[in-house]
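Engineer: From first to last, the protein sequence lines are chains A and B. Here the numbering used here is used: position 230 in the first sequence is 230, and no number is missing along the way. Here the numbering used here is used: position 320 in the second sequence is 320, and no number is missing along the way.
The hints are simulated quantities; they were obtained by calculation from the structure and are not laboratory data. Hints are supplied without guarantee of correctness; some may be wrong.
What follows is a set of in silico ranges between Cβ atoms, one per label pair, in the way DEER data are often shown [to be verified]:
{"hint": "1", "chain 1": "B", "residue 1": "A311", "chain 2": "A", "residue 2": "N11", "range": "47 to 57 Å"}
{"hint": "2", "chain 1": "B", "residue 1": "N362", "chain 2": "A", "residue 2": "L134", "range": "29 to 39 Å"}
{"hint": "3", "chain 1": "A", "residue 1": "N41", "chain 2": "B", "residue 2": "P214", "range": "26 to 36 Å"}
{"hint": "4", "chain 1": "A", "residue 1": "N132", "chain 2": "B", "residue 2": "I248", "range": "41 to 51 Å"}
{"hint": "5", "chain 1": "A", "residue 1": "L134", "chain 2": "B", "residue 2": "L230", "range": "21 to 31 Å"}
{"hint": "6", "chain 1": "A", "residue 1": "K31", "chain 2": "B", "residue 2": "P214", "range": "41 to 51 Å"}
{"hint": "7", "chain 1": "A", "residue 1": "L57", "chain 2": "B", "residue 2": "C12", "range": "29 to 39 Å"}
{"hint": "8", "chain 1": "A", "residue 1": "G167", "chain 2": "B", "residue 2": "L230", "range": "34 to 44 Å"}
{"hint": "9", "chain 1": "A", "residue 1": "E73", "chain 2": "B", "residue 2": "N362", "range": "23 to 33 Å"}
{"hint": "10", "chain 1": "B", "residue 1": "L354", "chain 2": "A", "residue 2": "P139", "range": "24 to 34 Å"}
{"hint": "11", "chain 1": "B", "residue 1": "L354", "chain 2": "A", "residue 2": "A229", "range": "57 to 67 Å"}
{"hint": "12", "chain 1": "A", "residue 1": "F16", "chain 2": "B", "residue 2": "Q281", "range": "23 to 33 Å"}
{"hint": "13", "chain 1": "A", "residue 1": "E73", "chain 2": "B", "residue 2": "L354", "range": "47 to 57 Å"}
{"hint": "14", "chain 1": "B", "residue 1": "L354", "chain 2": "A", "residue 2": "Y227", "range": "53 to 63 Å"}
A few chain A residues that don't get close to chain B, going by computed Cβ distances all over 10 Å [said to hold, decoys possible]:
{"hint": "15", "residue": "M84"}
{"hint": "16", "residue": "Q86"}
{"hint": "17", "residue": "T123"}
{"hint": "18", "residue": "A151"}
{"hint": "19", "residue": "H226"}
No farther apart than 25 Å at their CA atoms in a straight line, the calculated lysine to aspartate or glutamate pairs in the DMTMM-like style are these [unchecked claim]:
{"hint": "20", "chain 1": "A", "residue 1": "K79", "chain 2": "B", "residue 2": "E11"}
{"hint": "21", "chain 1": "B", "residue 1": "K213", "chain 2": "A", "residue 2": "D93"}
{"hint": "22", "chain 1": "A", "residue 1": "K79", "chain 2": "B", "residue 2": "E198"}
{"hint": "23", "chain 1": "A", "residue 1": "K5", "chain 2": "A", "residue 2": "D18"}
{"hint": "24", "chain 1": "B", "residue 1": "K213", "chain 2": "A", "residue 2": "E75"}
{"hint": "25", "chain 1": "B", "residue 1": "K213", "chain 2": "A", "residue 2": "D23"}
{"hint": "26", "chain 1": "A", "residue 1": "K143", "chain 2": "B", "residue 2": "E200"}
{"hint": "27", "chain 1": "A", "residue 1": "K87", "chain 2": "B", "residue 2": "E200"}
Glycine included, C-beta positions come from ideal geometry on N, C-alpha and C.
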Amino acid sequence: MQTDKVISVSNLTKKFGDFTAVDNISFDCVKGEIFGFLGANGAGKTTAMRMLCGLSLPTSGEASVAGFDVYKESELIKKKIGYMSQKFSLYEDLTVWENIRFYAGIYGLSDSNIREKSRQLLTELHLEGQENALVRSLPLGWKQKLAFSVAIVHNPAIVFLDEPTGGVDPITRREFWGLIYEASARDITVFVTTHYMDEAEYCNRVSIMVDGKIEALDTPANLKQHYNADSMDEVFLHLARTATRSQD
Amino acid sequence: MKQFLIFVKKECLHIWRDRRTLVILIGMPIVQIILYGFALTNEVKNSRIAVFDQSKDDATRLITDRIAASRYFNLEKNLNSYKQIGESFREGIVRMVVVFPINFQDDLLHTNHAQIQLIADASDPNTANTLANYASAIVNDYQNALNNDQKLPYNIDVQLRMLYNPELKGAYNFVPGVMALVLMLICAMMTSISIVKEKEMGTMEVILVSPLKPFRIVLAKTVPYLLVSLLNIISILLLSVYALDVPIKGSIFLLMAESTLFTITSLSLGILISNFSRTQQSAMFTSMMSLFLPTLLFSGFLFPIENMPKALQIISNIVPAKWYYIIVKAVMIKGLGITAIWKETLILMGMTLLLLGISIRNFKIRLA
Numbered sequence: 001m002q003t004d005k006v007i008s009v010s011n012l013t014k015k016f017g018d019f020t021a022v023d024n025i026s027f028d029c030v031k032g033e034i035f036g037f038l039g040a041n042g043a044g045k046t047t048a049m050r051m052l053c054g055l056s057l058p059t060s061g062e063a064s065v066a067g068f069d070v071y072k073e074s075e076l077i078k079k080k081i082g083y084m085s086q087k088f089s090l091y092e093d094l095t096v097w098e099n100i101r102f103y104a105g106i107y108g109l110s111d112s113n114i115r116e117k118s119r120q121l122l123t124e125l126h127l128e129g130q131e132n133a134l135v136r137s138l139p140l141g142w143k144q145k146l147a148f149s150v151a152i153v154h155n156p157a158i159v160f161l162d163e164p165t166g167g168v169d170p171i172t173r174r175e176f177w178g179l180i181y182e183a184s185a186r187d188i189t190v191f192v193t194t195h196y197m198d199e200a201e202y203c204n205r206v207s208i209m210v211d212g213k214i215e216a217l218d219t220p221a222n223l224k225q226h227y228n229a230d231s232m233d234e235v236f237l238h239l240a241r242t243a244t245r246s247q248d
Numbered sequence: 001m002k003q004f005l006i007f008v009k010k011e012c013l014h015i016w017r018d019r020r021t022l023v024i025l026i027g028m029p030i031v032q033i034i035l036y037g038f039a040l041t042n043e044v045k046n047s048r049i050a051v052f053d054q055s056k057d058d059a060t061r062l063i064t065d066r067i068a069a070s071r072y073f074n075l076e077k078n079l080n081s082y083k084q085i086g087e088s089f090r091e092g093i094v095r096m097v098v099v100f101p102i103n104f105q106d107d108l109l110h111t112n113h114a115q116i117q118l119i120a121d122a123s124d125p126n127t128a129n130t131l132a133n134y135a136s137a138i139v140n141d142y143q144n145a146l147n148n149d150q151k152l153p154y155n156i157d158v159q160l161r162m163l164y165n166p167e168l169k170g171a172y173n174f175v176p177g178v179m180a181l182v183l184m185l186i187c188a189m190m191t192s193i194s195i196v197k198e199k200e201m202g203t204m205e206v207i208l209v210s211p212l213k214p215f216r217i218v219l220a221k222t223v224p225y226l227l228v229s230l231l232n233i234i235s236i237l238l239l240s241v242y243a244l245d246v247p248i249k250g251s252i253f254l255l256m257a258e259s260t261l262f263t264i265t266s267l268s269l270g271i272l273i274s275n276f277s278r279t280q281q282s283a284m285f286t287s288m289m290s291l292f293l294p295t296l297l298f299s300g301f302l303f304p305i306e307n308m309p310k311a312l313q314i315i316s317n318i319v320p321a322k323w324y325y326i327i328v329k330a331v332m333i334k335g336l337g338i339t340a341i342w343k344e345t346l347i348l349m350g351m352t353l354l355l356l357g358i359s360i361r362n363f364k365i366r367l368a
């Protein structure tokens with residue numbers, strides 16, 4: 001398993017002036033793992049994730065993503081990762097097919113490849129016949145599932161999901177996690193931040209960030225055992241209570 | 001390159017899907033040209049006037065005919081008494097009354113001196129002034145014709161020649177002004193809005209995580225608006241030539257090249273604005289306040305810059321539209337070549353490079 005590390009982070013730190021947003025964090029993710037990245041608002045999750053995506057340079061520490069260094073090889077990293085934000089990030093005024101073509105296109109997929117992929121994708125999502133519908137007209141759950149499929153259309157090594165299930169009903173969330181498991185089965189590492197503790201239970205491993213530091217990192221079962229808790233909710237509350245930073 | 005084209009295509013789709021905005025983009029210049037060219041002109045056309053002719057001789061009839069024939073005046077009625085003058089003004093029927101005294105022609109022919117009274121409604125002083133000037137010019141014209149025919153010893157020859165715009169047409173001023181305004185508005189506002197929109201929707205993050213380079217993203221976002229702007233320039237020029245009779249005296253290629261340059265200036269301003277705006281509304285508002293007003297005030301097309309206080313004159317130098325306005329007037333109206341406007345062109349180029357540099361640098365930093 002050691003050789004399958006796709007994300008490797010050690011002593012990563014990001015400071016904005018006097019403020020240390022991410023404080024000396026270290027962890028590894030392996031191929032196909034579903035890695036839950038938890039923390040209250042303002043704990044530093046997004047900043048950490050942005051550094052791993054090559055959107056932001058760390059202040060100090062080491063990190064490599066898909067085997068590439070975040071300082072020097074961010075352009076190479078970008079080709080190997082997918083990203084989905086909490087806003088689903090599809091173009092509402094474009095059709096389903098146009099969205100797929102655009103996102104696949106900017107990753108440099110060939111036309112025939114794009115066509116094949118999108119056919120496959122539409123079938124998987126049961127969206128056949130909807131390819132010319134404007135994304136605006138789709139129900140929220142479908143938009144979200146489509147956004148996820150689009151984020152992994154180029155077969156990345158890792159997909160980063162930033163609170164992907166915000167504002168979605170529980171049933172759709174279940175379905176969405178079905179997609180995540182499928183991606184994981186295809187050896188795509190899933191790096192997911194979430195607020196929902198039931199979702200934390202679905203992850204292979206979970207890290208909990210408090211005030212920029214990773215306070216706990218283990219499988220959900222081990223964490224519950226360690227903190228003598230019945231659910232991840234209790235674990236999280238136990239740790240989050242120690243936070244001194246104001247939550248926004 | 002292929003990724004770039006895909007991006008441009010996507011941008012075009014955005015514009016195409018948003019029909020209402022597209023109509024505004026294409027229609028705005030046309031409406032503006034028509035508005036400024038015909039309605040908002042500072043020329044005074046077809047003003048209603050009345051004549052009170054107490055002499056009723058050949059000379060007064062000739063002068064009246066000339067005035068009535070001019071496109072500035074419409075002869076509304078002939079008056080018969082002084083009392084009617086006041087009445088006509090009060091009723092708002094006329095803006096000016098021309099009064100010929102008794103024995104006008106006799107006085108003129110025998111004493112070489114005759115008087116005409118122009119009574120104008122000066123509640124609008126500018127119009128009154130303009131009307132009086134027009135009328136005096138017509139009377140002068142007549143007097144000159146008379147003098148020439150009679151070969152009288154004293155010819156007071158006031159010759160006024162209006163260079164480039166002999167008819168003093170307002171459109172000669174407005175067309176270059178509207179071009180500057182429209183390009184500035186469409187390019188800057190639309191690019192800033194379209195970039196900020198992606199930030200708002202969250203799609204910008206996704207694009208930035210993709211292998212596309214930020215520089216290319218910015219470029220791809222501006223290309224469609226560059227095309228729309230060129231379309232606008234063409235429609236403005238067609239309208240001005242065929243509807244407003246404003247000729248293009250200089251090289252049309254030079255004009256298009258300079259317009260493209262100015263378009264790029266405006267686009268980079270748009271990118272700059274998008275860097276500082278979080279919402280589409282704020283992008284729009286910033287564009288309006290920081291671009292529309294200065295362009296209107298300091299380009300020189302509504303208010304002559306020479307008449308402004310020194311401080312404002314200096315400020316006007318940093319408004320790109322001012323230089324573009326000078327260039328368009330020189331090329332289009334005066335028919336001058338690049339040798340006459342190289343300085344302005346260089347200034348505009350310098351501004352463009354500076355703005356482009358700052359905005360692209362900023363774009364990277366803000367998202368880095």
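Engineer: Confirm or reject each hint.
Structural biologist: Against the structure, the hints come out as follows:
1. The given range of 47 to 57 Å is respected by A311 of chain B and N11 of chain A, whose C-beta atoms sit roughly 56 Å from each other.
2. Between N362 of chain B and L134 of chain A the Cβ separation comes to about 33 Å, which falls inside the hinted range of 29 to 39 Å.
3. For the pair N41 of chain A and P214 of chain B, the supplied restraint of 26 to 36 Å holds, since their beta-carbon distance comes to about 28 Å.
4. Remark: the range hint 41 to 51 Å for N132 of chain A to I248 of chain B is upheld by a beta-carbon distance near 44 Å.
5. The hint said 21 to 31 Å for the Cβ distance between L134 of chain A and L230 of chain B, and at roughly 29 Å that hint holds.
6. As the Cβ distance of K31 of chain A to P214 of chain B is approximately 30 Å, the hint placing it in 41 to 51 Å is violated.
7. For L57 of chain A and C12 of chain B, the Cβ-Cβ distance of about 34 Å falls inside the hinted range of 29 to 39 Å, so the restraint holds.
8. Separation of G167 of chain A from L230 of chain B is about 42 Å and conforms to the stated range, judged on CB atoms against 34 to 44 Å.
9. At roughly 24 Å, the beta-carbon separation of E73 of chain A and N362 of chain B lies within the given 23 to 33 Å, and the hint holds.
10. Range check, L354 of chain B to P139 of chain A: about 48 Å between beta-carbon atoms, so the 24 to 34 Å window is missed.
11. Taken as a hint, the range 57 to 67 Å holds for the pair L354 of chain B and A229 of chain A, whose Cβ atoms sit roughly 59 Å apart.
12. Under the hint 23 to 33 Å, the C-beta atoms of F16 of chain A and Q281 of chain B, about 27 Å apart, fit the expected range.
13. Separated by about 32 Å at the C-beta atoms, E73 of chain A and L354 of chain B break the suggested range of 47 to 57 Å.
14. Checked against the given bound of 53 to 63 Å, the beta carbons of L354 of chain B and Y227 of chain A, roughly 58 Å apart, stay inside it.
15. Residue-level check failed: M84 of chain A sits 7 Å from the nearest beta carbon of chain B, not beyond 10 Å.
16. With a least CB separation of 7 Å from chain B, Q86 of chain A falls inside the 10 Å interface cut-off, contrary to its annotation.
17. At roughly 23 Å from the closest C-beta of chain B, the C-beta of T123 of chain A stays outside 10 Å, upholding its exclusion from the interface.
18. A Cβ of chain B approaches the Cβ of A151 of chain A within 10 Å, the least distance being about 8 Å, so the stated non-interface status is violated.
19. Against the 10 Å criterion, H226 of chain A stays outside the reach of chain B, whose nearest CB is about 34 Å from its own CB.
20. Taking the CA atoms of K79 of chain A and E11 of chain B, the gap is about 22 Å. The hint holds against a cut of 25 Å.
21. At roughly 24 Å between alpha-carbon atoms, K213 of chain B and D93 of chain A fall within 25 Å of each other, so this suggested pair holds.
22. A threshold of 25 Å between alpha carbons decides the hint, and for K79 of chain A with E198 of chain B the separation of about 21 Å falls inside it, so the pair holds.
23. For the hint pairing K5 of chain A with D18 of chain A, the CA-to-CA distance comes to about 33 Å; that exceeds 25 Å, so the pair is violated.
24. Our distance criterion of 25 Å between C-alpha atoms is met by K213 of chain B and E75 of chain A, whose separation comes to about 9 Å.
25. Taking the CA atoms of K213 of chain B and D23 of chain A, the gap is near 29 Å; set against the 25 Å cutoff, the hint is violated.
26. For the suggested pair K143 of chain A and E200 of chain B, the alpha carbons sit about 17 Å apart, so the restraint of at most 25 Å is met.
27. A distance of roughly 9 Å separates the Cα atoms of K87 of chain A and E200 of chain B; the hinted pair therefore holds under the 25 Å criterion.
In summary, the structure is inconsistent with hints 6, 10, 13, 15, 16, 18, 23 and 25 from the numbered list given earlier, while agreeing with the others.
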